[in-house]
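Trainee: Listed below, chain by chain, are the residues.
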Amino acid sequence: MGVIKKLPVYLEHFPGGGIVATSLDYVLSQSQASSIWYLLFGTACCAIELMATGASRYDFDRFGMIFRASPRQADLIIAAGTITKKMAPRLRLLYDQMAQPRYVIAMGGCTVKGGPFYYDSYAVEKGIDHIVPVDVYIPGCPPRPESLLEGCLTLQKKIKKQKIGDWS
Amino acid sequence: MDKAALTKYILDKFAGKVELLETGKVEPVFKLENEFLLEFCKSINSDETLHIDFLCNIAGVDTGERFEVVYSVASVKNKIRFDFKVVMAYENAEVESVQSIWPGANWHEREVWELYGINIRNHGNLTRFLLPDNWDQGYPMRKNWDAPDFVRMPES
Numbered sequence: 001m002g003v004i005k006k007l008p009v010y011l012e013h014f015p016g017g018g019i020v021a022t023s024l025d026y027v028l029s030q031s032q033a034s035s036i037w038y039l040l041f042g043t044a045c046c047a048i049e050l051m052a053t054g055a056s057r058y059d060f061d062r063f064g065m066i067f068r069a070s071p072r073q074a075d076l077i078i079a080a081g082t083i084t085k086k087m088a089p090r091l092r093l094l095y096d097q098m099a100q101p102r103y104v105i106a107m108g109g110c111t112v113k114g115g116p117f118y119y120d121s122y123a124v125e126k127g128i129d130h131i132v133p134v135d136v137y138i139p140g141c142p143p144r145p146e147s148l149l150e151g152c153l154t155l156q157k158k159i160k161k162q163k164i165g166d167w168s
Numbered sequence: 001m002d003k004a005a006l007t008k009y010i011l012d013k014f015a016g017k018v019e020l021l022e023t024g025k026v027e028p029v030f031k032l033e034n035e036f037l038l039e040f041c042k043s044i045n046s047d048e049t050l051h052i053d054f055l056c057n058i059a060g061v062d063t064g065e066r067f068e069v070v071y072s073v074a075s076v077k078n079k080i081r082f083d084f085k086v087v088m089a090y091e092n093a094e095v096e097s098v099q100s101i102w103p104g105a106n107w108h109e110r111e112v113w114e115l116y117g118i119n120i121r122n123h124g125n126l127t128r129f130l131l132p133d134n135w136d137q138g139y140p141m142r143k144n145w146d147a148p149d150f151v152r153m154p155e156s
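In order, the protein sequences belong to chains A and B.
First residue of the first sequence: 1, per the working numbering; consecutive thereafter.
First residue of the second sequence: 1, per the working numbering; consecutive thereafter.
No lab work stands behind these hints, which were simulated from the structure alone.
Please note: incorrect hints may appear among the correct ones.
[Claimed, not checked] One side of the interface only, derived from the structure: several residues of chain B facing chain A at Cβ under 10 Å:
1. Leu115
2. Asp133
3. Pro140
4. Ala147
5. Phe150
6. Val151
7. Pro154
[To be verified] Straight line, CA to CA, 25 Å or less: simulated DSS-like cross-link-like pairs of lysine-lysine:
8. A:Lys86 / B:Lys143
9. B:Lys143 / A:Lys85
10. B:Lys143 / A:Lys126
11. B:Lys77 / B:Lys42
12. B:Lys3 / B:Lys79
13. A:Lys85 / A:Lys126
[To be verified] Over the 12 Å line for every Cβ pair with chain B, so calculated as not near, a few chain A residues:
14. Phe14
15. Ser23
16. Val27
17. Ala44
18. Phe63
19. Phe67
20. Tyr95
21. Asp135
22. Lys158
For clarity, every value in this text was computed on a predicted model and none was experimentally measured.
Note that beta-carbon positions come from the ideal geometry of N, C-alpha and C, so glycine has one too.
With the sequences and hints as input, model every part of the structure.
Mentor: Right under this line is the structure:
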């Protein structure tokens, strides 16, 4: 990570190095956006839609997206389902264990704002943006697989716009 | 044993100590004194006619003025069911643990303690299991409970 981040700095000292650095940006962001591996994190009904999206009818694989059961090899976490206050530290832990650059999609009403548990609930976290930074919000209860695919396309657009220098 | 016979049997057996409440639409509901709880449970458990061997549920109730703990019990062998409750004042509410009779009471009693703050005497393992371990915002199922991010349903 450190070397890649410094590459544009070194390259730009050479004649034509700027073009190489820009192309490197392009190639890296394209390949990163086209091979998002996401961490399994389904806690409630939204997870069923997530599974449906991964299954043959909606076919997540065409984005190069595959399930990972380990945060170490994942660069996206799709929080699908109700996040309770008891679950929140676990979500944060998994997020912290993921390698950078990492992204978060909040899928469904519960993860976005507490959903139907917004009122009269002592146990449900009202929005996972209290716990982790969210890149894309997907509304719905639960959102259809098409919405999730749209959310992923939005995330891909975001990734493709990134420069290597933006990586933190 | 049908509902009427069951009610009569219990009222006769524990005359003066157990009172029948009108609220029982499906199953009879009895009310008894807090001090009599453990003795009553032991008695219905060992009684041959009743043989209450299964504790279905323990629920806490906050009516706004007092606490209630409702026990739903059944007999698998005799196919009977009924509920009974103990009523106590809001301050220093506590009941005796019935784990010695039905070990399954353990989790139910922890729930009652955790969500209503009703102390369970002789429980032995009153630790949180629904709320986070470091929970310090009181007892969420109480009527007057409040927390910074708690949003009450607006009156419609």
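Trainee: Is the Cα-Cα distance between Lys86 (chain A) and Lys143 (chain B) 25 Å or less?
Mentor: holds, 22 Å
Trainee: Classify the label on Ser23 (chain A) as holds or violated, using whether its beta-carbon is more than 12 Å from each beta-carbon of chain B.
Mentor: holds, 48 Å
Trainee: Quickly compare the C-alpha distance for Lys3 (chain B) and Lys79 (chain B) to 25 Å and report which way the hint goes.
Mentor: holds, 11 Å
Trainee: Is the shortest C-beta separation between Ala147 (chain B) and chain A less than 10 Å?
Mentor: Holds, because the Cβ-Cβ distance from Ala147 (chain B) to chain A comes to roughly 7 Å (cut-off 10 Å).
Trainee: Once the closest CB in chain B is found, is it more than 12 Å from Lys158 (chain A)?
Mentor: Its Cβ never comes within 12 Å of chain B, the nearest being 29 Å, so this holds.
Trainee: Verify the interface restraint on Asp133 (chain B): the C-beta must sit less than 10 Å from at least one C-beta of chain A.
Mentor: holds, 9 Å
Trainee: Using 10 Å as the Cβ threshold, decide whether Leu115 (chain B) counts as touching chain A.
Mentor: Nearest chain A Cβ about 9 Å off; hint holds.
Trainee: Checking one constraint from the list: CA of Lys143 (chain B) to CA of Lys126 (chain A), max 25 Å. Satisfied?
Mentor: holds, 21 Å
Trainee: Going by Cβ atoms only, is Phe150 (chain B) closer than 10 Å to chain A?
Mentor: Hint on Phe150 (chain B): holds, closest Cβ of chain A at ~6 Å, below 10 Å.
Trainee: Does the claim that Phe67 (chain A) lies outside the interface with chain B hold up, using a Cβ gap greater than 12 Å?
Mentor: About 28 Å separates Phe67 (chain A) from the closest Cβ of chain B, which puts it past 12 Å; holds.
Trainee: Please verify that the nearest CB of chain B lies beyond 12 Å from Tyr95 (chain A)'s CB.
Mentor: holds, 18 Å
Trainee: Given the hinted pair Lys77 (chain B) and Lys42 (chain B), is their Cα-Cα distance within 25 Å?
Mentor: holds, 17 Å
Checked against the numbered hints listed earlier, the structure breaks none of them; every hint is satisfied.
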